[in-house]
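Trainee: Chains R and H, in that order, give the protein sequences.
Each residue of the first sequence is one higher than the last, beginning at 1 in the working numbering.
Each residue of the second sequence is one higher than the last, beginning at 1001 in the working numbering.
Just so you know, not all the hints are guaranteed correct.
[To be verified] Using 30 Å as the maximum straight-line C-alpha spacing, the simulated BS3-like pairs for lysine-lysine come out as follows:
1) H:Lys1092 with H:Lys1054
2) H:Lys1224 with R:Lys82
3) R:Lys3 with R:Lys82
4) R:Lys86 with H:Lys1224
5) H:Lys1054 with H:Lys1040
6) H:Lys1054 with H:Lys1068
7) H:Lys1028 with H:Lys1054
8) H:Lys1224 with R:Lys125
9) H:Lys1099 with H:Lys1189
10) H:Lys1072 with H:Lys1047
11) R:Lys202 with R:Lys138
12) H:Lys1189 with H:Lys1170
13) H:Lys1099 with H:Lys1224
14) H:Lys1189 with R:Lys61
15) R:Lys86 with R:Lys16
16) R:Lys201 with R:Lys3
17) R:Lys202 with R:Lys86
18) R:Lys125 with R:Lys138
19) H:Lys1224 with R:Lys130
20) R:Lys61 with H:Lys1099
21) R:Lys16 with H:Lys1189
[Claimed, not checked] So these bits of chain H aren't anywhere near chain R, every CB distance computed over 12 Å:
22) Pro1042
23) Lys1224
24) Gly1291
Bear in mind the hints are in silico, worked out from the structure with no lab data behind them.
Think of the CB as a built atom: it goes at the ideal place given N, C-alpha and C, for glycine as much as any other residue.
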Amino acid sequence: MNKPLLTIEGLETQFKTYAGMVQAVRNVNLTVNEGEVLAVVGESGSGKSVTMMSFMRLLAKNAVVSGKVEFNGVDLLKLSNKEMSKIRGREISMVFQDPMTGLNPVLTIGTQMREGIMLHLGLNKAEANKRAIELLNKVGVPEPARRLSQYPHEFSGGMRQRVMIALGLACNPRLIIADEPTTALDVTIQAQILELMKQLKKEMNTAIILITHNLGVVAGMADRVAVMYGGRVAEVGTVHQIFHQPRHPYTWALLRAIPRLDEHKRRLESITGSPPNMLKPPGGCPFHPRCAHAMSVCTSEAPEMTELGNNHRAACWLMHPDAPKVDFNQEVTKA
Amino acid sequence: MARYILQRVITMLVVAWVVVTLTFFMMKALPGGPFASEKKLPEAILKNIERRYKLDRPLMEQYFDYLKNVVKWDLGPSFKYEGRTVNDVINKGFSVSAKLGGLSILISLVLGVPIGVIGAMRHNGLLDRVTSGLAILTAAAPSFVIAGLLQYYLGFKLKWFPPATWGTTKHYVLPTIALCSFSLAWLIKLTRSSMLEVTNQDYVRTARAKGIPEFWVVYRHMIKNALVPVIASLAPLTAGILVGSFIIEFIFAIPGVGREFVVSITNRDYTVTLGMTVFYGFLLTGFTLVGDILTALVDPRVRLDKEG
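Just chain R, with the same shape it has in the complex (with noise of 0.2 Å):
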């Protein structure tokens, strides 16, 4: 259960623009392990996205990926596209988060999952075809024999993603990288579909990575939890250390912003700002014009990862020995 299965080192990420170089993922330090859910958190375009897209290789040809990214023993940012095109797919699989654009509309469905299916595991049409009609039944679309004919302009938003989710099974891959899986859905078919893929990683020990923004969905399904910032991991640990001992000051913002039912006295906290410009972030730790603890030393130098104890690490100077104490209990509850 806790061996590695994937190691990112030090992986950064920049986009030539014409407006200069956007720095979208800067030196993001993360562990897979073996069978494990790990949750990916953090606002829009800190990211989160980006960092599973280097190491996957489909980012378009403006992208300068550097660092080390370690699957299985082998650092993929050194594969050819040919031997890369063997593990995605099949050792790694993707779900990506908008089921109403993520399938080729001029392709039925069983197209779509046959050529996987047959590209990978070497099987013929007919083999393929019995492969995808269980995949179908597995995520519960129904009549799947004759849903294979089909095309995606016949399929509900639902039934798409299932679709999807029964794409990144098909090969029975190690890790599954679930990019807002839930986000196109309305909240019954969410809480399907994660029950699903709950299910799912319990039969096979697919680990997954799962990025989101939503902390319920966290809650529900993630083993360990990174939360990222403007490029940067700002916090990573399990998700009771994450609910409970959290320890950055943007992941007590984040903890604030969800609404909870047993207190209606206050107004829903916002994390006041906006993220920052990954063309110029700021200098420092990225998050400081928005901390409501920033110090001097913020405003000047990045914070370094601090071990906590069982792997719980937070990127903030509030862990230096010298800073001042502040409590979390307070800070995540206060009004």
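Got chain R sorted already, so can you dock chain H onto it with the hints?
Mentor: Okay, now just chain H, sitting in the frame of chain R:
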């Protein structure tokens, strides 16, 4: 699918009927006529001629007669040339025009689509820059300018190809280049921009994430989608070639329908003009129908019936 085609066919028939009716009454509303020459004909002779061509009958009777004959594909006699029917004129001219026009459409498609695809794949590469530059240039230059330049340089100066008239294979070269230049340029640009748009679609990323080799991503996932607007433009493209052929056939003195059409108008040979308009109308609605069916074949969202 069958219902979709049936629906399209019915629409096309209605369009064809509207074309026939409109042209018929517009021609009748025009002043003058094939027999109105500078020398005024005696009243009795004019009456005789009109009786012979049934022009003395009531208008509606003439109209229904004409409609009946069009259904039988009999477009009537020429007023100007004794013994020639409009069908003769079309049959004789169209065998030439169809070769010229068909060849132009074929060349535009066979060259335009692949060049557009490759241009988009090597976006901003050398080939892309050269072809898009040329495409803009030819799309901006009218075909008669290109025709003139071709005649002068390749025909008259270098004497590589005959500068005009019709006959051997060599006669095809210059008019075909002049006729297809615009549609070729247009197709290159259309295919290229359509491919570039498809490149950034989510489903292309999904395909790549499945680990499919790049060739299949382009071939199976991108080209089919990119071709939808290209196929939809088939009908207007054909229309462009048809209209273009009037000018090109005239410049190169090619005995095609286009030239006969223009001549018939100057001759006020009304039945010929009317027949040709109807013929072109039918041709165009036919191509539109083919384009619609092809679009439906490629893009399942267009088909209307429940079971794909």
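Trainee: Now tell me, hint by hint, if it's right for this structure.
Mentor: Against the structure, the hints come out as follows:
With a C-alpha separation of about 26 Å, the suggested pairing of Lys1092 of chain H with Lys1054 of chain H holds against the 30 Å cut-off. About 24 Å separates the Cα atoms of Lys1224 of chain H and Lys82 of chain R, which keeps this hinted pair within 30 Å; it holds. Straight-line distance between C-alpha atoms of Lys3 of chain R and Lys82 of chain R comes to about 27 Å, which keeps the hinted pair within the 30 Å bound. This hinted pair checks out: Lys86 of chain R and Lys1224 of chain H have alpha carbons roughly 25 Å apart, not beyond 30 Å.
Of the supplied pair hints, the one linking Lys1054 of chain H and Lys1040 of chain H holds, its CA atoms being roughly 20 Å apart against a limit of 30 Å. Between Lys1054 of chain H and Lys1068 of chain H the CA atoms are separated by roughly 15 Å; this keeps the pair inside 30 Å, and the hint holds. Annotation: proposed proximity of Lys1028 of chain H to Lys1054 of chain H holds, straight-line Cα distance about 13 Å (limit 30 Å). Proximity of Lys1224 of chain H to Lys125 of chain R is assessed by CA-CA distance (about 21 Å); at most 30 Å being required, the pair is judged to hold.
Taking the CA atoms of Lys1099 of chain H and Lys1189 of chain H, the gap is about 25 Å. The hint holds against a cut of 30 Å. At most 30 Å may separate the alpha-carbon atoms for a hinted pair to count; Lys1072 of chain H and Lys1047 of chain H meet this at roughly 28 Å. Between the alpha carbons of Lys202 of chain R and Lys138 of chain R the distance comes to roughly 13 Å, so the proposed pair stays at or under 30 Å and holds. This hinted pair checks out: Lys1189 of chain H and Lys1170 of chain H have alpha carbons roughly 29 Å apart, not beyond 30 Å.
As the CA atoms of Lys1099 of chain H and Lys1224 of chain H are separated by approximately 28 Å, the hinted pair is consistent with the 30 Å bound. A hinted pair counts as satisfied when its Cα atoms are at most 30 Å apart, and Lys1189 of chain H with Lys61 of chain R qualifies at roughly 22 Å. For the proposed pair Lys86 of chain R and Lys16 of chain R, the alpha carbon gap of about 28 Å is at most 30 Å, so the pair holds. At roughly 16 Å between alpha-carbon atoms, Lys201 of chain R and Lys3 of chain R fall within 30 Å of each other, so this suggested pair holds.
The straight-line distance between the Cα atoms of Lys202 of chain R and Lys86 of chain R is roughly 25 Å, inside the 30 Å bound, and the hint therefore holds. This hinted pair checks out: Lys125 of chain R and Lys138 of chain R have alpha carbons roughly 20 Å apart, not beyond 30 Å. A threshold of 30 Å between alpha carbons decides the hint, and for Lys1224 of chain H with Lys130 of chain R the separation of about 26 Å falls inside it, so the pair holds. For the given pair, Lys61 of chain R sits about 45 Å from Lys1099 of chain H by alpha-carbon distance, which is inconsistent with the 30 Å threshold.
Restraint check: the Cα-Cα separation between Lys16 of chain R and Lys1189 of chain H comes to about 27 Å, which is no more than 30 Å; the hinted pair holds. The beta carbon of Pro1042 of chain H is kept farther than 12 Å from every beta carbon of chain R, the shortest such distance being approximately 69 Å. In this structure Lys1224 of chain H is not separated from chain R by more than 12 Å, as the shortest Cβ-Cβ distance comes to only about 5 Å. No Cβ of chain R comes within 12 Å of the Cβ of Gly1291 of chain H; the nearest lies about 16 Å off, and the non-interface call holds.
Consistency with the previously given hints fails for numbers 20 and 23, ordered from lowest to highest.
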